[in-house]
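Colleague: Use the sequences and the hints to build the structure in full.
Okay, so the sequence shown: first residue is 1 according to full-length UniProt numbering, each after it adds one.
All clues given are correct.
Here are the computed lysine-lysine pairs in the DSS-like style, where the Cα-Cα straight-line distance is at most 25 Å:
#1 K172 / K197
#2 K193 / K172
#3 K172 / K106
#4 K2 / K34
#5 K193 / K31
#6 K172 / K196
#7 K31 / K106
#8 K31 / K2
#9 K193 / K2
For each label pair, taking beta carbons as the anchor points, the in silico distance ranges come out as:
#10 E91 / Q137: 29 to 35 Å
#11 F176 / D134: 15 to 21 Å
#12 S168 / G139: 24 to 30 Å
#13 S113 / I16: 43 to 49 Å
The set of hints was computed from the structure by calculation and includes no laboratory data.
Built from N, CA and C at the ideal position, the CB exists for glycine as well.
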Amino acid sequence: MKYSIDFIRIGWTRRISDHYFSSACTISLLKGPKLILVDPGSPWDSQWLLSQLSSRGVNPCDIDFVICTHDHVDHIGSLHIFPNSTRIVGENFEVQGLKDCFSILKTPYEIDSFIHIISTPGHTLSDISVIVEDIDQFGRVAIVGDLFECEQDTIDPSLWHSSSNNISIQQKSREFIIDNFDYIVPGHGPAFKVTKKWQN
Numbered sequence: 001m002k003y004s005i006d007f008i009r010i011g012w013t014r015r016i017s018d019h020y021f022s023s024a025c026t027i028s029l030l031k032g033p034k035l036i037l038v039d040p041g042s043p044w045d046s047q048w049l050l051s052q053l054s055s056r057g058v059n060p061c062d063i064d065f066v067i068c069t070h071d072h073v074d075h076i077g078s079l080h081i082f083p084n085s086t087r088i089v090g091e092n093f094e095v096q097g098l099k100d101c102f103s104i105l106k107t108p109y110e111i112d113s114f115i116h117i118i119s120t121p122g123h124t125l126s127d128i129s130v131i132v133e134d135i136d137q138f139g140r141v142a143i144v145g146d147l148f149e150c151e152q153d154t155i156d157p158s159l160w161h162s163s164s165n166n167i168s169i170q171q172k173s174r175e176f177i178i179d180n181f182d183y184i185v186p187g188h189g190p191a192f193k194v195t196k197k198w199q200n
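Modeller: So this is what it looks like as structure tokens:
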């Protein structure tokens, strides 16, 4: 049985002033043989996220896996509402005092024949991406967190360079994703289709 993808929230970033931005991450729910939540959002999202799940008939205890693409608070801050789920982060996860709360994976890791997790470092050294095979109308999908901030960062590198832990490593990870997948779900924008232009 294949998976479908439900975007509980499409992420965004907004400029508040010359030096400050407000942002919220994309939150994705994968429905199939397992229920998988990718990037549960910030601590301030918890009540809102519970409401969104409830409106879909989903209880937190129904979620089999919660996967965090990296260790920034806007992506991991609502993990506490999923105490019974398997919570997954990448190998170089660095949030002090929290390592015992997670399954720290050696990648690549396969959940089932349609879902696997790969290492895509650069934005942070712990970055992972969730690969979903054969989603109707999307094809092969990569949910990448902040490896790609949004579609616009494919033409304006400053949008991702400024927050990159290692630009050259992140560039290689980005090229791998562009070369191998049909759609990208970025950390702070709508999903977008990979074009032949980028692959060249």
